[in-house]
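Given the sequences, and given the hints that come with them, work out the whole structure.
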Amino acid sequence: MGYSISVDSIKKVYRISQRDAGLLPAVKSLFRPAYSEVTAVDGISFNLKQGEMVGFIGPNGAGKTTTLKMLSGLLHPTSGKIKAADFVPWDRKAAYLKKIGFLMGNKSQLTWDNTIGDSFFILKEIYGVSSNDFKNRMNELVELLELDDLLKKLARTLSLGERARCELASVLIHSPEILYLDEPTLGLDVSMQLKLRGFLKEYNRKYGTTVLLTSHYMSDIVSLCPRVILINKGRLSYDGDLAGLAEKVAPFKLLKFRLPDGEVLTENSLFEQYKVKAELVDAVNQERTLRVSKEYLLPLTAFLLGKWSLSDLSIEDPPIEALIDKVYREGIPL
Amino acid sequence: MNFRGGIALIRKSLFSFMASRGFFWTLSISWMMGPLVFMFVWLAAAGNGSIGGYNKSDFTSYYLILILVNQLTYPTSHWVIGENIQLGTLSTWLMRPLPVIYEAVASDMALKIVCMPLVLALVVLLGIVLGFGTVLSWTATALFVPALLMACMLRFLLSYTIALFAFWTQKIDSLLNVNDTLVFLLAGQVAPTLLLPGILRNTSMCLPFRYMLGFPVELLTGKLAVQDVVTGLVIQAIWVFVAFILQKVVLSHGIKKYTAIGG
Numbered sequence: 001m002g003y004s005i006s007v008d009s010i011k012k013v014y015r016i017s018q019r020d021a022g023l024l025p026a027v028k029s030l031f032r033p034a035y036s037e038v039t040a041v042d043g044i045s046f047n048l049k050q051g052e053m054v055g056f057i058g059p060n061g062a063g064k065t066t067t068l069k070m071l072s073g074l075l076h077p078t079s080g081k082i083k084a085a086d087f088v089p090w091d092r093k094a095a096y097l098k099k100i101g102f103l104m105g106n107k108s109q110l111t112w113d114n115t116i117g118d119s120f121f122i123l124k125e126i127y128g129v130s131s132n133d134f135k136n137r138m139n140e141l142v143e144l145l146e147l148d149d150l151l152k153k154l155a156r157t158l159s160l161g162e163r164a165r166c167e168l169a170s171v172l173i174h175s176p177e178i179l180y181l182d183e184p185t186l187g188l189d190v191s192m193q194l195k196l197r198g199f200l201k202e203y204n205r206k207y208g209t210t211v212l213l214t215s216h217y218m219s220d221i222v223s224l225c226p227r228v229i230l231i232n233k234g235r236l237s238y239d240g241d242l243a244g245l246a247e248k249v250a251p252f253k254l255l256k257f258r259l260p261d262g263e264v265l266t267e268n269s270l271f272e273q274y275k276v277k278a279e280l281v282d283a284v285n286q287e288r289t290l291r292v293s294k295e296y297l298l299p300l301t302a303f304l305l306g307k308w309s310l311s312d313l314s315i316e317d318p319p320i321e322a323l324i325d326k327v328y329r330e331g332i333p334l
Numbered sequence: 335m336n337f338r339g340g341i342a343l344i345r346k347s348l349f350s351f352m353a354s355r356g357f358f359w360t361l362s363i364s365w366m367m368g369p370l371v372f373m374f375v376w377l378a379a380a381g382n383g384s385i386g387g388y389n390k391s392d393f394t395s396y397y398l399i400l401i402l403v404n405q406l407t408y409p410t411s412h413w414v415i416g417e418n419i420q421l422g423t424l425s426t427w428l429m430r431p432l433p434v435i436y437e438a439v440a441s442d443m444a445l446k447i448v449c450m451p452l453v454l455a456l457v458v459l460l461g462i463v464l465g466f467g468t469v470l471s472w473t474a475t476a477l478f479v480p481a482l483l484m485a486c487m488l489r490f491l492l493s494y495t496i497a498l499f500a501f502w503t504q505k506i507d508s509l510l511n512v513n514d515t516l517v518f519l520l521a522g523q524v525a526p527t528l529l530l531p532g533i534l535r536n537t538s539m540c541l542p543f544r545y546m547l548g549f550p551v552e553l554l555t556g557k558l559a560v561q562d563v564v565t566g567l568v569i570q571a572i573w574v575f576v577a578f579i580l581q582k583v584v585l586s587h588g589i590k591k592y593t594a595i596g597g
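The listed protein sequences derive, respectively, from chains L and F. Going by the working numbering, the first sequence opens with residue 1, and the numbers climb by one from there. Going by the working numbering, the second sequence opens with residue 335, and the numbers climb by one from there.
Simulated from the structure, these hints should not be mistaken for laboratory data. Cβ coordinates follow ideal geometry from the N, Cα and C atoms, glycine included. Just to be clear, a hint being listed does not mean it is correct.
[Claimed, not checked] In silico lysine-lysine, DSS-like type, Cα no more than 25 angstroms apart, as pairs:
id, chain 1, residue 1, chain 2, residue 2
1, F, LYS582, L, LYS98
2, L, LYS93, F, LYS505
3, L, LYS28, F, LYS505
4, F, LYS590, L, LYS107
5, L, LYS11, L, LYS93
6, L, LYS326, L, LYS277
7, L, LYS233, L, LYS81
8, F, LYS591, L, LYS233
9, L, LYS83, F, LYS591
10, L, LYS107, F, LYS505
11, L, LYS93, L, LYS81
12, L, LYS98, F, LYS591
13, L, LYS11, L, LYS135
14, L, LYS233, F, LYS590
15, L, LYS201, L, LYS135
16, F, LYS390, L, LYS11
17, L, LYS233, L, LYS11
18, L, LYS107, F, LYS591
19, L, LYS11, F, LYS591
20, L, LYS81, L, LYS99
21, L, LYS83, F, LYS505
22, L, LYS81, L, LYS11
23, F, LYS582, L, LYS93
24, L, LYS81, F, LYS590
[As the list claims (entries may be wrong)] To give a feel for the contact side, a few chain F residues facing chain L, derived at Cβ under 7 angstroms:
id, residue
25, ARG338
26, GLY339
27, ALA342
28, ALA353
29, THR426
30, ARG430
Put into structure tokens, the structure is as follows:
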């Protein structure tokens with residue numbers, strides 16, 4: 001099957017210098033520098049189909065950005081193969097670079113002392129976009145990302161949110177087939193995050209662009225990515241949908257309710273009396289939150305409703321952030 | 335060859351420089367200071383006589399043309415390249431469907447465009463005040479053009495190649511300073527290379543530095559015999575070829591070392 005992106009056993013090892021703190025170690029390192037090898041990406045493989053929108057998640061230092069940099073051709077891997085849009089990225093062919101857009105979290109495509117309008121025009125010329133396509137594309141991007149007031153401003157005078165919208169527009173001017181987005185909502189306020197997510201979703205739907213997105217904001221992943229790839233310490237831990245990940249990591253629900261005044265409920269009493277294993281996660285005044293596995297959920301709920309007249313009973317999935325935190329710390333159970 | 339992209343990069347750099355109005359004017363004047371000082375020193379030393387075939391008028395002509403050639407050949411982008419490699423901001427250049435060298439060439443060309451009017455005006459003024467005594471022949475002027483072009487290319491390529499060693503060393507400023515010092519000593523700034531003492535002169539004839547600056551000036555001012563002009567042009571072309579190949583080799587190996595730091 002033809003894939004838009006095909007990654008095969010890709011590995012990246014960095015050789016880094018290191019020394020102890022202090023003057024003597026610093027002087028020593030002049031004559032005998034010490035190095036260590038860090039395996040940032042350790043033989044990972046995955047494929048993306050045309051038009052897929054995939055979340056690429058993992059803790060800090062997991063290897064996400066290194067992987068994106070190899071996919072975009074910025075880095076040469078230590079070993080392994082990648083094919084993206086039928087090109088080997090690190091060959092850096094102009095034809096490949098015209099097919100991709102890479103939004104790097106802290107590297108700007110905009111020219112600091114040029115206006116946004118000029119920056120966009122320069123990108124148009126670099127990528128060889130025709131005047132007609134550029135006009136249509138700009139009309140669309142200006143409207144969707146609300147850039148009208150920004151075109152005459154110098155890039156260095158923009159706020160973070162304004163710059164984020166302009167950076168996103170700058171990687172879309174040439175209509176790339178593949179988008180690599182490295183933390184596109186980093187540092188943005190809630191409203192701007194919502195706006196960008198809405199835009200990306202619509203853009204992917206309309207143009208069938210393949211998108212590989214990294215983000216530490218789980219709201220980005222939940223709202224945009226039907227599929228997630230989880231990388232931890234350079235290795236892939238999971239590749240599938242978020243619901244499947246949640247099921248593997250936390251096959252339980254949260255049961256929240258308010259006990260009537262004067263009533264008591266403990267974990268021990270639940271188990272001793274009713275053989276229900278439930279973990280008391282939170283107890284403030286008469287509010288209770290129980291973590292209970294799915295098999296005990298219905299019996300426990302029925303018991304609680306039968307025993308007391310409960311107000312505000314709710315059944316919730318555990319917060320996705322808590323799940324992901326658990327995965328980062330403990331890994332995925334086999 | 336992406337000419338559209340290259341011209342766009344020149345435009346980008348032009349706009350950036352124009353946003354810093356005072357910067358390029360003070361830069362141009364600072365580049366003129368060295369040759370002006372040496373010119374006045376040699377004028378004083380020559381007095382009413384001559385030194386090595388150079389009288390007052392010859393020194394004036396030599397240094398005024400040298401100021402123009404220096405302005406046209408002086409690269410600045412190499413200082414930025416090393417920093418870009420060290421800080422990971424080269425990534426922005428690498429993501430464009432353009433050879434990496436385009437950004438550096440565009441930046442240098444833009445700076446020359448913005449600086450040249452001021453420098454030209456000052457040189458013309460100095461020429462009027464001090465007197466420009468050399469008559470420029472058509473043949474010398476015609477040969478000066480390719481010599482100047484090759485001088486630009488050579489000076490740029492060598493500095494650019496040295497800057498690319500930042501892929502290995504990270505900080506490259508000291509090597510660039512060594513290069514600038516050698517240009518200062520051997521390229522005809524301190525003295526016309528024809529006036530350098532024995533071994534220094536012979537060394538300067540073989541090394542690339544003279545051909546970045548002094549050689550085109552000596553050619554235009556008619557200080558070279560025909561044979562020396564031809565030999566000089568050939569040596570210059572060889573050095574340009576060597577520098578071109580060297581930068582390609584260094585870049586192709588260096589880029590594999592690039593770690594694109596900074597997230």
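A quick look at each hint next to the structure:
1. LYS582/F with LYS98/L: 22 angstroms, holds
2. LYS93/L with LYS505/F: 28 angstroms, violated
3. LYS28/L with LYS505/F: 19 angstroms, holds
4. LYS590/F with LYS107/L: 20 angstroms, holds
5. LYS11/L with LYS93/L: 22 angstroms, holds
6. LYS326/L with LYS277/L: Holds, at roughly 20 angstroms.
7. LYS233/L with LYS81/L: Given pair LYS233/L, LYS81/L holds - Cα atoms ~20 angstroms apart, limit 25 angstroms.
8. LYS591/F with LYS233/L: 22 angstroms, holds
9. LYS83/L with LYS591/F: 21 angstroms, holds
10. LYS107/L with LYS505/F: 20 angstroms, holds
11. LYS93/L with LYS81/L: At roughly 16 angstroms apart (the allowed maximum being 25 angstroms), LYS81/L and LYS93/L satisfy the hint.
12. LYS98/L with LYS591/F: Holds, at about 24 angstroms.
13. LYS11/L with LYS135/L: Violated, at about 41 angstroms.
14. LYS233/L with LYS590/F: Status holds; Cα separation ~23 angstroms.
15. LYS201/L with LYS135/L: 22 angstroms, holds
16. LYS390/F with LYS11/L: 67 angstroms, violated
17. LYS233/L with LYS11/L: Holds, at about 12 angstroms.
18. LYS107/L with LYS591/F: 19 angstroms, holds
19. LYS11/L with LYS591/F: 15 angstroms, holds
20. LYS81/L with LYS99/L: 19 angstroms, holds
21. LYS83/L with LYS505/F: 34 angstroms, violated
22. LYS81/L with LYS11/L: The hint holds at about 9 angstroms.
23. LYS582/F with LYS93/L: Answer holds: LYS582/F to LYS93/L is near 16 angstroms, not above 25 angstroms.
24. LYS81/L with LYS590/F: This hinted pair holds, its Cα atoms lying about 15 angstroms apart.
25. ARG338: Cβ of ARG338/F sits 5 angstroms from chain L, so the hint holds.
26. GLY339: Since the shortest Cβ distance to chain L is 4 angstroms, the answer is holds.
27. ALA342: Holds, about 3 angstroms.
28. ALA353: 4 angstroms, holds
29. THR426: 6 angstroms, holds
30. ARG430: At 5 angstroms from the nearest chain L Cβ, ARG430/F passes the 7 angstroms test, so the hint holds.
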